[in-house]
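Enquirer: Sequence:
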Amino acid sequence: MTQREVFVTQQPLVTPECLSRAATQVAPDLLGCTLVRQFADGSQVRGVIVETEAYEPGDPACHAYRRKTNRNAVMFGPAGKTYVYLIYGVYHCLNVVTDLAGIPSAVLIRALELSPAPTLRDREKPHRVAAGPGKLCRALQIDLSHTNLWLQPGQPLWLEQRSPTLETEIATNSNSVIQTTRIGLTQGVDLPWRWYLADSQAVSRR
DNA sequence: CTTCCGATTGAA
DNA sequence: TCAATCGGAAGG
1 MTQREVFVTQ
11 QPLVTPECLS
21 RAATQVAPDL
31 LGCTLVRQFA
41 DGSQVRGVIV
51 ETEAYEPGDP
61 ACHAYRRKTN
71 RNAVMFGPAG
81 KTYVYLIYGV
91 YHCLNVVTDL
101 AGIPSAVLIR
111 ALELSPAPTL
121 RDREKPHRVA
131 AGPGKLCRAL
141 QIDLSHTNLW
151 LQPGQPLWLE
161 QRSPTLETEI
171 ATNSNSVIQT
181 TRIGLTQGVD
191 LPWRWYLADS
201 QAVSRR
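At position 42 of the first sequence (counting the first as 1) the number is 42 in the numbering used here, and the numbers step up by one without a gap.
Among the hints, a few may not be true.
[Unchecked claim] Taking CB as the label site, the calculated pair distances span:
1. A73 with S174: 36 to 42 Å
2. R66 with H127: 34 to 40 Å
3. Q44 with G77: 24 to 30 Å
4. Q44 with V90: 24 to 30 Å
The set of hints was computed from the structure by calculation and includes no laboratory data.
Every residue gets a Cβ at the ideal spot worked out from N, C-alpha and C, and that includes glycine.
Work out the full structure: start from the sequences and follow the hints.
Expert: Structure below.
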């Protein structure tokens with residue numbers, strides 16, 4: 001019997017320490033990292049993060065801008081947890097909580113390049129299936145039950161660092177990352193707190 | 001309690 | 001340009 005060994009090169013995890021910095025620092029650093037979704041049966045769907053936005057204290061667009069509520073409470077806690085909310089009663093959005101406890105902030109994951117590309121009977125182009133915060137949550141079956149969870153193996157979601165190849169590319173080529181203003185906001189529209197990988201076809205919008 | 005609204009998406 | 005659809009936040 002011929003059997004081939006399959007070597008899974010798993011990158012180091014993105015740890016709470018790494019995430020315990022300003023959201024505006026973490027957001028660009030998450031580009032190229034992999035979001036892993038593991039289901040109850042052990043199966044996984046992975047996606048490389050290609051677009052992010054930062055939300056910080058003093059930012060009128062931040063859900064924690066006014067006060068601490070039941071919904072945004074997790075943003076006031078330590079870095080490394082999920083913050084999922086429902087938008088327009090239709091879509092869910094996934095955030096990674098950042099910075100020190102007491103500094104409510106988070107990074108919105110806006111788009112993923114799924115691997116392998118989904119083979120759905122979908123009218124959508126495969127590389128666009130997770131091209132948007134609502135779409136990626138739909139693709140990875142993320143809902144309100146996934147808020148306030150630690151991002152670590154054993155949980156439904158966790159983060160892995162960039163591959164050495166991508167790390168080199170991003171570190172070497174200053175044109176590989178684009179920084180612009182955020183999308184869909186009614187407040188804080190001028191803050192340049194959105195980042196995306198220039199080469200990605202999964203970016204929600206340019 | 002009532003009213004209003006949104007860090008979206010895709011169809012018209 | 002605009003509706004869908006609902007949890008949460010604000011106001012009375």
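Enquirer: Now tell me if each hint is right for this structure.
Expert: Here's how the hints hold up against the structure:
1. Between A73 and S174 the beta carbons are some 38 Å apart, a value that agrees with the proposed interval 36 to 42 Å.
2. Checking the proposed 34 to 40 Å range against R66 and H127 shows it holds: the Cβ atoms sit about 38 Å from each other.
3. Q44 and G77 have their C-beta atoms about 26 Å apart, which keeps the hinted 24 to 30 Å range intact.
4. For Q44 and V90, the hinted distance range of 24 to 30 Å is satisfied, since their beta carbons lie about 26 Å from each other.
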